[in-house]
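Enquirer: As a plain string of letters, each chain reads:
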Amino acid sequence: QKEVEQDPGPLSVPEGAIVSLNCTYSNSAFQYFMWYRQYSRKGPELLMYTYSSGNKEDGRFTAQVDKSSKYISLFIRDSQPSDSATYLCAMSPEGGGNKLTFGTGTQLKVEL
Amino acid sequence: EPEVTQTPSHQVTQMGQEVILRCVPISNHLYFYWYRQILGQKVEFLVSFYNNEISEKSEIFDDQFSVERPDGSNFTLKIRSTKLEDSAMYFCASRELPIGYTFGSGTRLTVV
Chain Y
-2 QKEVEQDPGP
8 LSVPEGAIVS
18 LNCTYSNSAF
28 QYFMWYRQYS
38 RKGPELLMYT
48 YSSGNKEDGR
58 FTAQVDKSSK
68 YISLFIRDSQ
78 PSDSATYLCA
88 MSPEGGGNKL
98 TFGTGTQLKV
108 EL
Chain P
3 EPEVTQTPSH
13 QVTQMGQEVI
23 LRCVPISNHL
33 YFYWYRQILG
43 QKVEFLVSFY
53 NNEISEKSEI
63 FDDQFSVERP
73 DGSNFTLKIR
83 STKLEDSAMY
93 FCASRELPIG
103 YTFGSGTRLT
113 VV
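The listed protein sequences correspond, in order, to chains Y and P.
Using the numbering used here, you'd call the opening residue of the first sequence number -2 and step up by one each time.
Using the numbering used here, you'd call the opening residue of the second sequence number 3 and step up by one each time.
No lab work stands behind these hints, which were simulated from the structure alone.
Since the model is a prediction, treat every value here as computed from it, not as a measurement.
Just so you know, even glycine gets a beta-carbon here, dropped at the ideal spot from N, CA and C.
Take these hints with a grain of salt, some might be off.
What the hints assert, rightly or not - Residues from chain P that keep clear of chain Y, each with C-beta distances beyond 12 Å, as calculated:
no.	residue
1	48
2	87
3	110
Claimed, not checked - Which residues of chain P face chain Y? A partial, calculated answer using Cβ under 8 Å:
no.	residue
4	4
5	44
6	45
7	58
8	63
9	89
10	93
11	103
12	108
All chains should be built: construct the whole structure from the sequences, respecting the hints.
Expert: This is the structure:
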């Protein structure tokens, strides 16, 4: 079983749709959960991070973590064409200096 | 907004040659990282660096790789004898606790 699994897509939605992006993981030591956005040939850009279980909202974005199911989600409300990018989930265990383990990324296209 | 700067943006090198990829992390960050992304694959951890020494490295980071912080601002990744399979995007990142990873835009390394 891969440590972090993410549906690669591509996912195509109309403008204004609600988008749901998901990752599952197997390592119970993960405590920090992040979502990154990556445009083609650019570095990952941090969108949101969550510590342990729970929800976090920032504008049109909501991150959810369910540690009991080892499942994390990112919801994008009122999606815009500018949201078209690859979305990467990433995770890290507790403690300073620890590496991020990434999912493969989901390619999202929001169409007019 | 502070950013991580990487140079060059694209490097082409002959197999067997040495390359040095350069990064200027965010000035008050203490943790530094190199990740790589082979085209179409996920972002993979290479090495983390803290307090002027390697704190963790992956199995990818073998003897042909080395990192250095030669002065107070630069952070470099050296690949001693490049192979075709080293062709990838290489991302530098720096971090402030507890999370707050910031990635650079990457150096695209092409080994021919």
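Enquirer: Each of the hints needs a verdict: does it hold here or not?
Expert: Here's how the hints hold up against the structure:
no.	hint	result
1	48	violated (9 Å)
2	87	holds (19 Å)
3	110	violated (7 Å)
4	4	violated (13 Å)
5	44	holds (5 Å)
6	45	holds (4 Å)
7	58	holds (6 Å)
8	63	violated (11 Å)
9	89	violated (14 Å)
10	93	holds (5 Å)
11	103	holds (6 Å)
12	108	holds (5 Å)
When each numbered hint is compared with the structure, violations occur for hints 1, 3, 4, 8 and 9.
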